[in-house]
Amino acid sequence: MENTFSNHILQFDDSQIQSPEATPLAEHYAVVNAAVSIVTLLIIITVALVAIFQPVWPMPDEARTVAVYITIGLTAFFALIILYGYFAEKAKGYCVREQDITLFKGLIFRKVITQPICRIQHIEVKRGPVDRKVNLAKLHVYSAGDIAQTFEIPGLDVTLANSIRNGILAHKDMQHHG
Amino acid sequence: MDNITESSAKQQANSDIDVDDNSWHRVSPLAILYFIEKLFLGLLNNVFYMLPMFVVLWDEIKANPWIAAAIIGAIIALITTFAIWSFIVFRYRLSAGTVEVKSGIFSKKHVNLPFNRIQNVKIEQPFYYRMFNYSSMAFDSGGSLNQEARLIALPLAFAKELQNEINAFKSATPITTTETASFDADGNPSTTASSTAAVETIENTRSIGDLVLHGITSNRIYIILAAAAPFVNDIFEFFGDKLEGFGIDIQSHIDNDPMWQISIYVISLFLIVIGLMTILSILGAIIMFFGYTLSRTDDKYIRRSGLITKHEVSVPFSRIQIAIMKQDLLDILFGRINLRLDQLNAQIANANASQSGTNKLIVPSIFAYECRDIIAHVFPNHGLIAVDFKAISTRFIIRYISFIVVPITAILSYSAYHNEGLSAWVVLVIAGLLSTMVYGRWLRWGYQYNEHYLYIRKGLLGRDRYCLPIAKIQRITYSQSWFMRKNKLVSLKIYLASGSYTIPMIDEDHAKAIYKYVLYKVESEAKAWM
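Heads up: the protein sequence lines correspond to chains A and B, in order.
Be aware that the first sequence starts at 1, since it is given in my numbering, and climbs by one per residue.
Be aware that the second sequence starts at 1001, since it is given in my numbering, and climbs by one per residue.
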């Protein structure tokens, strides 16, 4: 596995906002993410269709027509959201520099979120059941005063996620406040 | 406070409890009052959810008042039982450098808090403790809610002694240690000794006049009005009926009286309502801030205030994340400022209702020079009063006009066109008003930075000015929409431990400079933020 861990020295004099350059997430991450959403959507559609057309408690015809339209409408809506989600996840990237870690995200609002390592309280590598199947992990970074918004880099190869975590934990400023 | 009660309380403290004897103690039975208050307030909060049930059962209750009385009696008995029970299971222990508290009937809680992890010691005196010269102590460990500890019903002198001991343990500076020692050696401590420190200087006090002004300018009663909004119809109907009962028929007045007379009725009614609200607000301000003193030691501010319950909050300078100068429209007219020094995230504190407000150090209705001096102890050379703010982009106006004002106006015009009731003038006035508000908001937005601080100004009628020490910033976000990219604009969001602060739509080059400088400063200095 190729090691994409970057550890550039920050050059303050000539650094630009682009200087933390976005490394894309694992290639299959956006696909997997979309696939999970599609499967979930399909299950919900199936349940809805079974409920509408089941013969045990038959619905009146009019109600059935309305229910079918609602199902179609919602399906189209969520399909669009999934499509959007696919491109949004594809647009995400990250960069680890010597002193900070940056997350790039957003299609309409493009955001560059930078977390100085000396302000990190703790750091977690999380893996859900799907992540475990496809060998991915999420890196959660916590600093003080951000209950509402955690800093999360999804779709990292698990060895990469672990090595980033270890690299950050080994940072001298993390040693200070343990 | 007179010396006799003070010393007797102290003697009692010494006979009852010794600070370091390593065994579990029970507190004074006065603690029961505290538990009753807590349970009662808890019940009161839940009454809100039970209201529908009462409404449904109202006829039943009216028919059988005895049952209702019995239920209330049972509730009171239950509260008392639980309060006594809570008191019985409540134990604390002070051993070398640690305070331990065991509490809880069903879910047992054992908090073990080493002195050096205690960030903040707060002494409170609810009125039922003040009568007996008792107090309760809250220990704040800085963050984790499960580690909050509270010692209740302690003699005031003992509480202060313990507070001193904890502070001495933490700082272990010679000054505080000798102070505590002299206090311990002194069999009959003087009031100066018991009020913690000779080094404590009073920075600010607030007179009743100031508080009245504070009540007038920061009218918090609107919140109550907003909550009452769903019942406005019922309230009006109720008063209409009542007035009719007195022989006043509003409807007939409206139908028969000339317009000017009706206007006078309306205006006087309005003035009466405003007057009542102001009086309530003044009362609120006095209850909250009565006897306000802000004292300062070498490294912290101590706020004491309260009419019914006396609060004492001490905030180390190092924990203050931001200074905010808040001014409502009236404050600007009177030249007063409400200063707020925030510590940790408000969300942490709000999760614990009884603690809300204690993470903020508020100094109500002070003058600019007082404000400047108070902030200067925390953030030296802050210059917040005299900052020359830079304006944000005028695109801000275009954005809000096109995304908020235009759609609202379109909907209103559409309904005005199809509906006789809505005059085109109303639509125009609303559109004009909204546009003015957007413009006013833009006018207030401002930002600036220097070597040590970042400044933000915002507001509409009022004006809030923020001073953020750059070295305490936790994280920064740089964001651009598609339109903003085309126009070379950026919004910055800055995270501190006290919350997040936005600077919207500023010049790209400035934003880059700020972004770079913030990261450089935070990362190169890596200073403690707490």
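Just so you know, not all the hints are guaranteed correct.
Within a straight-line C-alpha distance of at most 25 Å, the following computed DSS-like cross-link-like pairs (lysine-lysine) qualify [said to hold, decoys possible]:
(1) B:1390 / B:1458
(2) B:1102 / A:111
(3) A:90 / B:1390
(4) A:92 / B:1390
(5) B:1038 / A:111
(6) B:1458 / B:1527
(7) A:111 / B:1062
(8) B:1390 / A:111
(9) B:1516 / A:111
(10) B:1516 / B:1527
(11) B:1390 / B:1488
Which chain A residues face chain B? A few, computed with CB under 10 Å, are given here [what the hints assert, rightly or not]:
(12) 92
(13) 98
(14) 100
(15) 108
(16) 112
(17) 113
(18) 117
(19) 119
(20) 151
(21) 162
Don't read these hints as lab results, they were simulated from the structure.
Beta carbons are placed, not taken as given, at the ideal position from N, Cα and C, and that holds for glycine.
Results of checking the hints against the structure:
1. For the hint pairing residue 1390 of chain B with residue 1458 of chain B, the CA-to-CA distance comes to about 12 Å; that is within 25 Å, so the pair holds.
2. A hinted pair counts as satisfied when its Cα atoms are at most 25 Å apart, and residue 1102 of chain B with residue 111 of chain A does not qualify at roughly 47 Å.
3. Proximity of residue 90 of chain A to residue 1390 of chain B is assessed by CA-CA distance (about 37 Å); at most 25 Å being required, the pair is judged violated.
4. Between residue 92 of chain A and residue 1390 of chain B, the direct Cα distance comes to roughly 33 Å. Violation of the 25 Å bound is thereby established for this hinted pair.
5. Using a Cα cut-off of 25 Å, the hinted pair residue 1038 of chain B and residue 111 of chain A is violated, with the two alpha carbons roughly 45 Å apart.
6. Note on residue 1458 of chain B and residue 1527 of chain B: the hinted pairing is violated, with a Cα-Cα distance of about 28 Å set against a maximum of 25 Å.
7. In summary, the hint linking residue 111 of chain A to residue 1062 of chain B is not supported, as the alpha carbons are separated by about 61 Å, beyond the 25 Å threshold.
8. Of the supplied pair hints, the one linking residue 1390 of chain B and residue 111 of chain A holds, its CA atoms being roughly 23 Å apart against a limit of 25 Å.
9. The hinted pair formed by residue 1516 of chain B and residue 111 of chain A meets the criterion: a straight-line CA distance of about 15 Å does not exceed 25 Å.
10. Between the alpha carbons of residue 1516 of chain B and residue 1527 of chain B the distance comes to roughly 17 Å, so the proposed pair stays at or under 25 Å and holds.
11. Under the criterion of a C-alpha separation no larger than 25 Å, the hint pairing residue 1390 of chain B with residue 1488 of chain B is consistent with the structure, at around 16 Å.
12. For the restraint placing residue 92 of chain A at the interface with chain B, the shortest Cβ-Cβ distance is roughly 14 Å, beyond the 10 Å limit, so the hint is violated.
13. Restraint check, residue 98 of chain A versus chain B: the minimum CB separation of about 9 Å is within 10 Å; hint holds.
14. Interface restraint check for residue 100 of chain A: the shortest CB-CB distance to chain B comes to about 6 Å, inside 10 Å, so the restraint holds.
15. Residue-level restraint check for residue 108 of chain A holds (minimum Cβ-Cβ distance to chain B is 6 Å; threshold 10 Å).
16. The criterion of a C-beta within 10 Å of any C-beta in chain B is met by residue 112 of chain A, whose closest approach is roughly 4 Å, and the hint holds.
17. Here the hint on residue 113 of chain A is kept, as its CB sits about 5 Å from the closest CB of chain B, short of 10 Å.
18. A hinted interface residue such as residue 117 of chain A counts as satisfied when its beta carbon comes closer than 10 Å to some beta carbon of chain B; here the least separation is about 8 Å, so the hint holds.
19. Satisfaction of the interface hint for residue 119 of chain A is found here, the shortest Cβ-Cβ separation to chain B being roughly 5 Å, below the 10 Å cut-off.
20. With its C-beta approaching chain B no nearer than about 7 Å, residue 151 of chain A sits inside the 10 Å limit, and its interface hint holds.
21. With a least beta-carbon distance of about 23 Å to chain B, the hint placing residue 162 of chain A at the interface is violated under the 10 Å criterion.
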